[in-house]
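**Student:** Each protein sequence line maps, in turn, to chains A and B.
Note that the numbering used here has the first sequence beginning at 82, numbered continuously upward.
Note that the numbering used here has the second sequence beginning at 61, numbered continuously upward.
It is possible that some hints are incorrect.
[Unchecked claim] If you want the footprint, here are the derived chain B segments under chain A, 3+ residues with CB under 8 Å:
no., region
1, 81 to 89
2, 193 to 206
[Stated by the list, open to error] Over 12 Å on every C-beta distance to chain B, these chain A residues come out as not near it, computed from the model:
no., residue
3, Phe207
4, Trp443
5, Ile447
6, Ile471
7, Val489
8, Thr575
9, Gly603
10, Arg633
Source of the hints: derived by calculation from the structure; they are not laboratory data.
The C-beta atom is built at its ideal place from N, Cα and C for all residues, glycine as well.
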Amino acid sequence: MSNILGDVTQGTYHEEKGFWRTYVFSTDHKVIAKQYLALSLFWAVLGGFAAYLIRWQLAYPETAAPGASWIPEPFMYEGVVPPEFYNVLITMHGTIMVFFVAMPLLLAVFGNYLIPLMIGARDMAFPRLNMLSVWVFTLASLVLLISLFVPGGAASAGWTGYPPLSAKAIYTGVNWGMNLWIVAIALEFAAFLMGGINFLTTTLNMRAPGMTLFRLPLIVWMQITAGVVFMLSVGPLIAGAVMLLLDRVIGTTFYVPEGGGQPLLWQHLFWFFGHPEVYVILLPALGIILEILPVFSRKPIFGYRPIIYSTIVAGILSFIVWAHHQYVSGIDPRLAMPFSITTILISVPFALIVFALIATLWKGSISFPTPMLFALGTLGVFLIGGLTGIFVGSAPVDIYFHDTYFVVAHFHYTLFSAVFFGGFAGLYFWFPKMFGRMMNETLGKIHFVLTFILFNTTFFPMFFLGIGGMMRRIANPMQYEFLQPLQPINVFITGSAILLLISQGIFAINFFWSLFRGRIAGPNPWQANTLEWSTSSPPPHENFHKIPTVYRGPYEYSLPETAEDWLPQNQPELEEVKK
Amino acid sequence: MKDALNMKIESMTLTGTGIPSGKAGVWCFLASEITVFGGLIGSYLVVRLGSGGWPEAAAHLSFSLALFNTLVLLTSSMTMVLAFDAVEKGDSKKLRTFLFLTILLGLVFLGVKAFEYAGKLAHGFTPGTGVFWSFYYGMTGLHALHVLAGVIVNIILFMEALGNALKPNEHRVELAGLYWHFVDIVWIFLFPLLYLT
Chain A
82 MSNILGDVTQ GTYHEEKGFW RTYVFSTDHK VIAKQYLALS LFWAVLGGFA
132 AYLIRWQLAY PETAAPGASW IPEPFMYEGV VPPEFYNVLI TMHGTIMVFF
182 VAMPLLLAVF GNYLIPLMIG ARDMAFPRLN MLSVWVFTLA SLVLLISLFV
232 PGGAASAGWT GYPPLSAKAI YTGVNWGMNL WIVAIALEFA AFLMGGINFL
282 TTTLNMRAPG MTLFRLPLIV WMQITAGVVF MLSVGPLIAG AVMLLLDRVI
332 GTTFYVPEGG GQPLLWQHLF WFFGHPEVYV ILLPALGIIL EILPVFSRKP
382 IFGYRPIIYS TIVAGILSFI VWAHHQYVSG IDPRLAMPFS ITTILISVPF
432 ALIVFALIAT LWKGSISFPT PMLFALGTLG VFLIGGLTGI FVGSAPVDIY
482 FHDTYFVVAH FHYTLFSAVF FGGFAGLYFW FPKMFGRMMN ETLGKIHFVL
532 TFILFNTTFF PMFFLGIGGM MRRIANPMQY EFLQPLQPIN VFITGSAILL
582 LISQGIFAIN FFWSLFRGRI AGPNPWQANT LEWSTSSPPP HENFHKIPTV
632 YRGPYEYSLP ETAEDWLPQN QPELEEVKK
Chain B
61 MKDALNMKIE SMTLTGTGIP SGKAGVWCFL ASEITVFGGL IGSYLVVRLG
111 SGGWPEAAAH LSFSLALFNT LVLLTSSMTM VLAFDAVEKG DSKKLRTFLF
161 LTILLGLVFL GVKAFEYAGK LAHGFTPGTG VFWSFYYGMT GLHALHVLAG
211 VIVNIILFME ALGNALKPNE HRVELAGLYW HFVDIVWIFL FPLLYLT
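Could you put together the complete structure from these sequences and hints?
**Tutor:** Okay, here's the thing in structure tokens:
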């Protein structure tokens, strides 16, 4: 019995549990984060494979894609993508990457893993709700997988699922695939609602003594802002998804024009969530950079409070920009201008954060281990994504660019940078904490250089494709005479994309090799200040042997009055300066 | 025992808002629920303002049945508050009585709703008849599901109160009450929007 309770003076207890309770049905936030990590990496492989098939079809239409001949009919015909399946591929690629890779990786993995550790708590406020969240997400994953194999095929109305195309089975020929797609998305939302409630309540109520709101590491601020934005924006889309499902299953006419419904209504409901969702993904990624940059430039973050205020302002503004997705959808032209203005306005807080990051680097003593490279890579790539967003956010320019590859290039520059550059930065940085071992630096640097170059050679030419007028979501650009001169660019992009996908194998090798053979990390390999580095790597069940007391903010690097160039948040007093 | 003592020490030293975590969680949940119904009601208003010939469809609804249901639901909110009051005073007999009444009134509401649906369907007004009927069934149906969920929560609390198993977790009556009042308030919006136009 005494073993279960541990030592009261230590303030901790370790309950011995079996395999299933420790690794599968666990309420430990660290295990849940790793479960989400496994699921998101699984989906990233599938989403990447869909991207490969899409790119092959665009470069060499109606030829057999190498390595795809194992996919049976009626999906593909000896490696050739038929047009209906092309629609499935683009729908699934978008759905998987946004809802089943980006959100679990950036929010669920880093949020679950870091929030309790960084605020000095033993676990989330609602550990069982947390476990429910990961299992509902698993269920959503299963439903989406099953939807690929039901009669009639998988959802093929695009990841945005616009009605009327999506509102009746007869329009696409897809019945159960689309219904299950809606169910999968709804379950995924439910999982992340539970996560958001947990993040917010935990951060408000479970902070260690001395951890005031303005001593929180910025990634915690970013995670909870993202959680609040998600919780307040997803409701209308849940309502919208219920309406879409009712239209399909019991024949209501919410979106069906002949019954008096309005197809445009869905676009408003979808983008009322869909645009804040972009920031829900971006903010945690920014948070990862904000944690990494001070550590590897050995400087306090520049403008801690202005960054927090900017984040909140951006979160509020993100609710009034949604209709910039609809400039060509039959929106009142008088509404186009206000939405252009708010869209350009939202770049102001983000510009402030980017400048604060650059100022953090200024005159720092910068080193370049892999996490730092990926963090800087995120910053550089996201900048291009953000700046091209000003083009497509302005109604006059967007009317030309709408639904072209310019848009595709733009959102891959924002999303790929946030999800993969940001996600890799975070994984390389916190891998020692999560698994107790360091990742291999040489492999990491090769991975970064290849990813950075190949990402740009893949997506930058898409801007030219878009300016040249190539539309999204077309299965065969060679069918259009005016696009035929652009075909060499498509071939070049596909070559880059394939190399980009292959080079991710380096990360996979590094990840699994380091898991078992990496150098033992020790509690604080990066000499960082935040609380998660004050406990062992990986942290014990319940995180801390004794709940730490916090004395200062998270970024006290290179203080003139200390001997070391770092001063952990939980260190009681300043050390004497060594003369 | 040692464990409980340990938790108490920790909860005193943690930096928090002073709001119990359960309550904060329920408020967060309700905030997102508001946006679900907000999206639905907003959609209804947009479609309603954008189409002609609307009141004719709405005239088929029974105002008196809905008024009766409104009174039932309002009364159930009152009994829920009385149940919470009984918890605070430690009166488990009253708690059981008022939880029982709340459940009963919730079931009456659902029964009337079912009667109403049956009548409409018998007259040929199905969800596919037109966009008004889509919204009518969609909005009241989603609300009825919320009422059903609340009734189930209250039944669980009632069963626990019967066996005195609720004792250490009596604050759950307050949390269930928050949810129940929310469901009530949603109906206060749905009633005029659907029946009084």
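**Student:** Confirm or reject each hint.
**Tutor:** Taking the hints in turn, this is what the structure says about them:
Residues of the region 81 to 89 of chain B lying with their CB closer than 8 Å to a CB of chain A number 5, which satisfies the three-residue condition for coverage. With 6 residues having a beta carbon nearer than 8 Å to a beta carbon of chain A, the region 193 to 206 of chain B meets the requirement of three or more and the stated coverage holds. Look at Phe207/A: its CB is around 6 Å from the nearest CB on chain B, not clear of 12 Å, so calling it non-interface is violated. Once the 12 Å rule is applied to beta carbons, Trp443/A is consistent with being away from chain B; the minimum gap is 33 Å.
Against the 12 Å criterion, Ile447/A stays outside the reach of chain B, whose nearest CB is about 34 Å from its own CB. Distance to chain B confirms Ile471/A as a non-interface residue, since its nearest Cβ pair spans about 29 Å, more than 12 Å. With 12 Å as the threshold on Cβ separation, the claim that Val489/A sits away from chain B holds: the shortest Cβ distance comes to roughly 28 Å. Every Cβ of chain B is farther than 12 Å from the Cβ of Thr575/A; the closest lies at roughly 40 Å, confirming the non-interface assignment.
Every CB of chain B is more than 12 Å from the CB of Gly603/A (nearest about 27 Å), matching its label as outside the interface. Here Arg633/A stays apart from chain B, with its beta-carbon at least about 14 Å from theirs, past the 12 Å limit.
In the structure shown, a violation is registered for the earlier hint numbered 3 alone.
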